[in-house]
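J.: What the sequence shown shows, in my numbering, is residues 1134 to 1467, in sequence order.
In case anyone wonders, no lab produced these hints; they're calculated from the structure. Keep in mind that a hint or two might mislead.
[To be verified] Simulated crosslink set (DSBU-like; lysine-lysine; CA at most 30 Å straight-line):
| no. | residue 1 | residue 2 |
| --- | --- | --- |
| 1 | K1464 | K1408 |
| 2 | K1328 | K1182 |
| 3 | K1408 | K1304 |
| 4 | K1304 | K1354 |
[Said to hold, decoys possible] Restraint-style ranges between C-beta atoms, simulated for each label pair:
| no. | residue 1 | residue 2 | range |
| --- | --- | --- | --- |
| 5 | L1185 | V1437 | 23 to 31 Å |
| 6 | I1459 | S1378 | 22 to 30 Å |
| 7 | I1438 | L1185 | 17 to 25 Å |
Where a beta carbon is used, it is the ideal one built from N, C-alpha and C, also for glycine.
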Amino acid sequence: MAGKSGRSINNVPKSPVKQMIFSWEGILVLLFIAVNIFCANFSEFYNLKSLLRQMPVYLAEIFLMLPMAYILVLGEIDISVGSIVCLSATMACIVSNTGAPFIVVILAALLVGTACGAVNAFVLTQFEELPPMIVTLATQIIFRGIAEIVLGNGGSISVTNTEGFSALGGKVGRIPYILFLVLILGIIAAVILGKCTFGRRVYAIGTNRLAAYYSGIHVQKIRFIIYTLMGTISGLCALFLISSSFGANTTTGNGFEMDAIAMAVFGGISSTGGKGNIVGGLISAFIIVCLRVGLGQRNIHPQVILLIIGVLLIGAVGLPNIVKEIQKKAKMAK
1134 MAGKSGRSIN NVPKSPVKQM IFSWEGILVL LFIAVNIFCA NFSEFYNLKS LLRQMPVYLA
1194 EIFLMLPMAY ILVLGEIDIS VGSIVCLSAT MACIVSNTGA PFIVVILAAL LVGTACGAVN
1254 AFVLTQFEEL PPMIVTLATQ IIFRGIAEIV LGNGGSISVT NTEGFSALGG KVGRIPYILF
1314 LVLILGIIAA VILGKCTFGR RVYAIGTNRL AAYYSGIHVQ KIRFIIYTLM GTISGLCALF
1374 LISSSFGANT TTGNGFEMDA IAMAVFGGIS STGGKGNIVG GLISAFIIVC LRVGLGQRNI
1434 HPQVILLIIG VLLIGAVGLP NIVKEIQKKA KMAK
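Starting from the given sequences, assemble the full structure and let the hints guide the process.
T.: Written out as structure tokens, the structure reads:
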């Protein structure tokens, strides 16, 4: 193709395969493979069978990553989710112990979670000047405080009828139900965020909220929906936690908000908003799950595992900036 100057300009499209490999998601896939090879060599007990057996304990947290990704794309944060999980689990156990049908127990957990999410949503949309971190820090304390008051001096509760929760924690062959649900919800969340009008509006709000508002997007309505949905998914997470422990206590859900944020950010979702996708978040979540299972089999202290995940998270945040600096210096050198 000839430009106005008469010079020939070659239009060479980038190779889609090369583009995919060098994308953040491509790098995460390679890291996922590397982590599994490392764990298989590090622990003699690490294999697909043991992974499928132990991963349900950690998979419940991936539920929280999905709506947390939406909140981060908005350029906001919710640190109350661990407390919502705790309160939802507590109320579900109490309802279960009354002898109510299991469907009522499920609805109780989901409704409590939804109500907590709606409280966050109401405060944040009605008082726009309040920072989400401060609001959700306050509700984090309130929700866990309510759970502690309900649980009383014992600080814990066990379900007397475990039949429904045992069914919820069941398997198809060796594959746990929760894995199917995580993947189904992950695909739905990825399609909505990446392909639907709602998702495009979420990105627009995260990129520039004022511009999104003046372009006709119902900013507060979308924020309300996402924060409320965060609560609903927290209730779902609580149900699967009970299916593995058959109870709840005052520490249930501790640190889940940080795990959900770490999975999302490590997956390439920007904490400043307007960037990232669910696919990266899902891959990073499974990397973290595999690391926890593999290192846990060799009795590595949980705090050391958290330290390793923290280093990976810092690397995930810092690597794009380092690459940009290298590219910038390379252009200047030319």
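J.: Are the hints correct? Go through all of them and say.
T.: Outcome of the hint check:
Note on K1464 and K1408: the hinted pairing holds, with a Cα-Cα distance of about 25 Å set against a maximum of 30 Å. Taken as a hint, the K1328 and K1182 pair is broken in the structure, with Cα atoms around 35 Å apart against an allowance of 30 Å. As the CA atoms of K1408 and K1304 are separated by approximately 36 Å, the hinted pair breaks the 30 Å bound. As the CA atoms of K1304 and K1354 are separated by approximately 38 Å, the hinted pair breaks the 30 Å bound.
L1185 and V1437 have their C-beta atoms about 24 Å apart, which keeps the hinted 23 to 31 Å range intact. Under the hint 22 to 30 Å, the C-beta atoms of I1459 and S1378, about 47 Å apart, miss the expected range. For I1438 and L1185, the hinted distance range of 17 to 25 Å is satisfied, since their beta carbons lie about 20 Å from each other.
When held up to the earlier numbered hints, the structure conflicts with 2, 3, 4 and 6 and fits the remainder.
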